[in-house]
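With the hints as your guide, set chain B onto chain A.
From first to last, the protein sequence lines are chains A and B. Residues in the first sequence are numbered from 1 upward in steps of one, following my numbering. Residues in the second sequence are numbered from 1 upward in steps of one, following my numbering.
One or more of the hints may lead you astray.
Here are the simulated lysine-lysine pairs, DSS-like style, with alpha carbons at most 30 Å apart [said to hold, decoys possible]: (1) B:59 to A:29; (2) A:29 to A:51; (3) B:59 to A:51.
Derived by calculation from the structure, the hints in this document are not laboratory data.
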Amino acid sequence: MSRRNLMLLGVAAGIAALPLLLRADGGFKGSDDQGSAAVAALAPDYQPWFKPVWTPPSGEVESLLFSLQAALGAGLVGYYLGYRRGSQRRREDAPRAGD
Amino acid sequence: MHIMEGYLPPLHALAWTVASAPFVLVGARKVAKVMEEHRETRLLLAASGAFAFVLSALKIPSITGSCSHPTGVGLGAIVFGPPVTAVLGSIVLLFQALLLAHGGLTTLGANVFSMAIAGPWVSFAIFRGAAALGLPQAAGVFLAAMLGDLATYCVTACQLALAFPDPASGFGGALSKFLAIYAVTQVPLAIIEGLITVVAVNILVQHSRDELCALSFLKGGALKGGAR
Numbered sequence: 001m002s003r004r005n006l007m008l009l010g011v012a013a014g015i016a017a018l019p020l021l022l023r024a025d026g027g028f029k030g031s032d033d034q035g036s037a038a039v040a041a042l043a044p045d046y047q048p049w050f051k052p053v054w055t056p057p058s059g060e061v062e063s064l065l066f067s068l069q070a071a072l073g074a075g076l077v078g079y080y081l082g083y084r085r086g087s088q089r090r091r092e093d094a095p096r097a098g099d
Numbered sequence: 001m002h003i004m005e006g007y008l009p010p011l012h013a014l015a016w017t018v019a020s021a022p023f024v025l026v027g028a029r030k031v032a033k034v035m036e037e038h039r040e041t042r043l044l045l046a047a048s049g050a051f052a053f054v055l056s057a058l059k060i061p062s063i064t065g066s067c068s069h070p071t072g073v074g075l076g077a078i079v080f081g082p083p084v085t086a087v088l089g090s091i092v093l094l095f096q097a098l099l100l101a102h103g104g105l106t107t108l109g110a111n112v113f114s115m116a117i118a119g120p121w122v123s124f125a126i127f128r129g130a131a132a133l134g135l136p137q138a139a140g141v142f143l144a145a146m147l148g149d150l151a152t153y154c155v156t157a158c159q160l161a162l163a164f165p166d167p168a169s170g171f172g173g174a175l176s177k178f179l180a181i182y183a184v185t186q187v188p189l190a191i192i193e194g195l196i197t198v199v200a201v202n203i204l205v206q207h208s209r210d211e212l213c214a215l216s217f218l219k220g221g222a223l224k225g226g227a228r
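Here chain A stands alone, though its shape is the one from the complex (with noise of 0.2 Å):
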């Protein structure tokens, strides 16, 4: 990993951990709720007419899931990172293996 790139990826983390810090009162709700919330007061009356056909029983379960979620996608991308790096390398050495 070059310098360049971790430090884009310092940038980030900074990025995501600032506003725990200047926030600290934020009760740091899903901005997805807050929709569903502000459609509520824009129109009371109104009920969602379908019901998720699945919904993790706690938020344990459910954090479970997330983090399912996100350790296959990385799982996979390491792999494939892992994968060509190997075959770049292997490359690389074959013409020599070949004399």
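Quick look at chain B alone, frame taken from chain A:
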């Protein structure tokens, strides 16, 4: 940007589904074509989908004191183009609708339209525009991913404002309310997504040259060469 299950009136839900369907169908055909003609890019395709999987799972705190998540589809839009990305984004949204009660089936069409169609097309247009203007590649990638992310949330705000206009101030009043919730919160997250996407493209340019050339990402003067 997820509109929750049942939170769009039936007519709106249907209209957005009808609007999104052709993009996803064309995208599915394009995916099949890419997999057949550029077999070597299959793994990269999976990795681009995985990238969106990771990023859209991350709820990140924002300066407004609430949390939101990046979309992760800018990368796919830049490398594979918007039609393929429509499919990748739809898979992510379907997973979240079925297993996480996040978004929903009735609102899938609207959510696909914002995250898997509008965002990627904005990213793609900005990336091409930046290249045409001769901006450095990293700047183009950053702007494309950042503004695509932001566009997704603006579209969500429009969708909700269309469905639920303010009784007093109409569509405009509702739009400003929804934009305050979605778009303002999203600004720092969009910047984060821009930065991470620049890193992803840097790594791809370094390690996946063959695939990027096959997809014609690295053709043309402005895009040649490594990370600048």
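Now for the hints, and whether the structure bears them out:
1. B:59 to A:29: Distance ~10 Å between residue 59 of chain B and residue 29 of chain A Cα, so the pair holds.
2. A:29 to A:51: 21 Å, holds
3. B:59 to A:51: 23 Å, holds
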